[in-house]
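J.: Chain by chain, the residues:
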Amino acid sequence: MERQEIIDGLVEILKTVRTIDPERLKNVTEETDFRGDLNTPSTELINIAAKAEHKFGIEFEDDDIDDLGSTVKDIVDLILKVKARG
Amino acid sequence: MQVTGRKVAVVGMGGAFPTCTGLDDFSEKLFANKSLIRQWDKVAQYGKQIRSTVSGYITEEEMGLEAVIAPIAEDYPETYIDKLGRIPDANLATADMGSIWAMLGAQDATKMAGWSKSEIESEQTGVVVGSGGAGNLILRIAWHHFFQEGRKARIAGSHTIDRTMFYRDAANISCLLKTKGVCEAIGSACATGLGNIGYAYRLIKFGMQDRVIAGGVEGSSVETFVGFDGMMVLSKGFTPEESSRPFDLNRNGFVCSFGAGIVALEEYEMAKARGANILGVIDEYFNNSDGDGDMFYPSFAGQQRMWKGLLNTRGVKPDVVKVHGTSTPAGDAIELLSVVDALGDSGYHISAPKSQFGHMLGGAGSVEFITALLMLENQKVLPCLNSSTLNPELETFQKAEGWAGPQNPLAAYRHLVPQESFAKEINSVACLNYGFGGTNSAISVSRDI
Chain A
1 MERQEIIDGL VEILKTVRTI DPERLKNVTE ETDFRGDLNT PSTELINIAA KAEHKFGIEF
61 EDDDIDDLGS TVKDIVDLIL KVKARG
Chain B
1 MQVTGRKVAV VGMGGAFPTC TGLDDFSEKL FANKSLIRQW DKVAQYGKQI RSTVSGYITE
61 EEMGLEAVIA PIAEDYPETY IDKLGRIPDA NLATADMGSI WAMLGAQDAT KMAGWSKSEI
121 ESEQTGVVVG SGGAGNLILR IAWHHFFQEG RKARIAGSHT IDRTMFYRDA ANISCLLKTK
181 GVCEAIGSAC ATGLGNIGYA YRLIKFGMQD RVIAGGVEGS SVETFVGFDG MMVLSKGFTP
241 EESSRPFDLN RNGFVCSFGA GIVALEEYEM AKARGANILG VIDEYFNNSD GDGDMFYPSF
301 AGQQRMWKGL LNTRGVKPDV VKVHGTSTPA GDAIELLSVV DALGDSGYHI SAPKSQFGHM
361 LGGAGSVEFI TALLMLENQK VLPCLNSSTL NPELETFQKA EGWAGPQNPL AAYRHLVPQE
421 SFAKEINSVA CLNYGFGGTN SAISVSRDI
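From first to last, the protein sequence lines stand for chains A and B.
Numbering follows UniProt numbering, in which position 38 of the first sequence is assigned residue number 38; successive positions increment by one, without gaps.
Numbering follows UniProt numbering, in which position 36 of the second sequence is assigned residue number 36; successive positions increment by one, without gaps.
Any given hint could turn out to be false.
As the list claims (entries may be wrong) - Partial pick of chain A residues on the chain B-facing surface, computed with a CB cut under 10 Å: (1) 11; (2) 13; (3) 18; (4) 20; (5) 23; (6) 26; (7) 27; (8) 29; (9) 41; (10) 43; (11) 50; (12) 62; (13) 65.
Claimed, not checked - To list a few chain A residues with every Cβ distance to chain B over 12 Å, as calculated: (14) 3; (15) 8; (16) 25; (17) 30; (18) 44; (19) 76; (20) 85.
Treat the hints as calculated values from the structure; they're not laboratory data.
Computed from a predicted structure; not experimentally measured.
Ideal Cβ placement from N, Cα and C applies to all residues, glycine included.
Isolated chain A (complex conformation):
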């Protein structure tokens, strides 16, 4: 799975989070920070992770989420790592 394909999927998830301003989703890159750039409430990050599991057919370890950074790159890396883990 290509990194851009994952980013596109993440943006689709982010569009379902009503507390994120849709305007901020027009130029999401790997460097975009969920907290700093998208102003995502901390309580929504866990919802985004759960939806990512569902969308990409994977299951994160609890430690993966505990250690997860706040950029799009961080979650793209994690998704690829979990997929590779199988």
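With the hints as your guide, set chain B onto chain A.
T.: Here is chain B on its own, set in the frame of chain A:
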């Protein structure tokens, strides 16, 4: 301790009412003797699993709301969309349906009160609002996915707690309006709505707050309905509009309903000084417990003590007694006889709003308090619909040894129980609500004259 000379005014009201577009519609329908009770298809779909199918329910659509169903958990409303743009998304994210009604009611009540932004956001403005149940819809689906489906706890998302915690209604109102005073919820089962208003009254009367947003809520919930249906205490066998029939000989249970009632209370002199429209002045609040060890059965002695406490300081007879009047066989008879025991058999009338919209549980006391304010405003008594026949025979407990209450059957008090709304001078209304656990609550509210 009460602060001498400090009084409490009601300056605003709002809420969520079955089949109604708002407070004006609610008032119009009530005084037109209409019933707000309908067949509830959402419970009727369960066929023989369910015993009663009528309710004063409110749908999401009727409140201008739309559920956003989570893609990862079937049927789970992960948040709601306010199609009328009244509540910001960030506040909707932390609210269950009842909490949204509470926020909408608080917006309406504070708008009617005419409080400024700085008054609302003051340390002297509190919020005291509670519910009878938890956020049952949210909990059921979250728990189902964890316990039955064996899925991760996070599948239900990160808002299960804030959307179901006991004081979620007060918390959501406070976060929405940014109040800085007391923020709490009082729970007393079906007396919750009145109990929260009573507690708010004391906060102002005792000098601890100048303004309090107060009330009770019960969001539409099949889960809650099922709980009472399982107790076999819900009305059965009548058309929807005839199902709630307080004091009627053929009553066989209450109608499980839902709604919200929020009022804005303010220290009287402050309200007068700024020229507020005063909807009523709270004369007294008194609450107690039966103390007989019985969780469910009402207590004549407990209600006698409640009346003594309510009337003790004033001794003024109300023009209307807004009763709890649930339409249950045991509760209504004891309540009517305790009212007669306290007030005699003339000079007042009895109003039973549950006859029109059913029993809103945690919302009952506050929505019915609003009906008392509407009676003061309109100078009309709301009826006791369907009280067609009062028992011409003595109740069984009246024949028991040691009974010290009224010696006449309920039918002797027919003249106190109107079946239709009518006009009369109303200066004072007594509001009564009781709850499981033997809790009894009473408020006296009067016109500002």
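J.: All hints are to be evaluated individually against the structure, with a verdict given for each.
T.: Comparing the hints with the structure gives:
The restraint placing residue 11 of chain A at the interface with chain B is violated, with a minimum CB-CB distance near 15 Å, outside the 10 Å limit. Against a cut-off of 10 Å between C-beta atoms, the interface hint on residue 13 of chain A holds, since the closest Cβ of chain B lies about 9 Å away. Of the supplied interface hints, the one on residue 18 of chain A holds, with its beta-carbon coming within about 4 Å of a beta-carbon of chain B, less than 10 Å. Restraint check, residue 20 of chain A versus chain B: the minimum CB separation of about 9 Å is within 10 Å; hint holds.
Interface hint at residue 23 of chain A: violated, since its Cβ lies 14 Å from the closest Cβ of chain B, which is beyond the 10 Å cut-off. Hint status for residue 26 of chain A: violated, given a least beta-carbon distance of 18 Å to chain B, over 10 Å. For residue 27 of chain A, the suggested interface contact is broken, since its CB lies about 21 Å from the closest CB of chain B, more than 10 Å. Given the 10 Å rule on beta carbons, the hint for residue 29 of chain A is violated: about 24 Å separates it from the nearest Cβ of chain B.
For residue 41 of chain A, the shortest C-beta to C-beta distance to chain B is roughly 7 Å, which falls under 10 Å, so the interface hint holds. For the restraint placing residue 43 of chain A at the interface with chain B, the shortest Cβ-Cβ distance is roughly 5 Å, inside the 10 Å limit, so the hint holds. Checking residue 50 of chain A against chain B: minimum C-beta separation of about 5 Å stays under 10 Å; hint holds. A distance limit of 10 Å between C-beta atoms decides the matter here; for residue 62 of chain A the minimum to chain B is near 9 Å, and the interface restraint holds.
A least Cβ separation of about 8 Å between residue 65 of chain A and chain B falls short of the 10 Å threshold, and the interface hint therefore holds. The beta carbon of residue 3 of chain A is kept farther than 12 Å from every beta carbon of chain B, the shortest such distance being approximately 23 Å. No Cβ of chain B comes within 12 Å of the Cβ of residue 8 of chain A; the nearest lies about 16 Å off, and the non-interface call holds. At the 12 Å boundary, the C-beta of residue 25 of chain A stays outside the reach of chain B, the nearest C-beta of that chain being 14 Å off.
The claim that residue 30 of chain A lies off the interface holds: its Cβ sits roughly 24 Å from the closest Cβ of chain B, which is beyond the 12 Å cut-off. For residue 44 of chain A, the condition that its CB be more than 12 Å from all CB atoms of chain B is violated, with the nearest at approximately 7 Å. The Cβ of residue 76 of chain A sits about 20 Å from the closest Cβ of chain B, beyond the 12 Å cut-off, so the non-interface label holds. Here residue 85 of chain A stays apart from chain B, with its beta-carbon at least about 17 Å from theirs, past the 12 Å limit.
Checked against the numbered hints above, the structure violates hints 1, 5, 6, 7, 8, 18; every other hint is satisfied.
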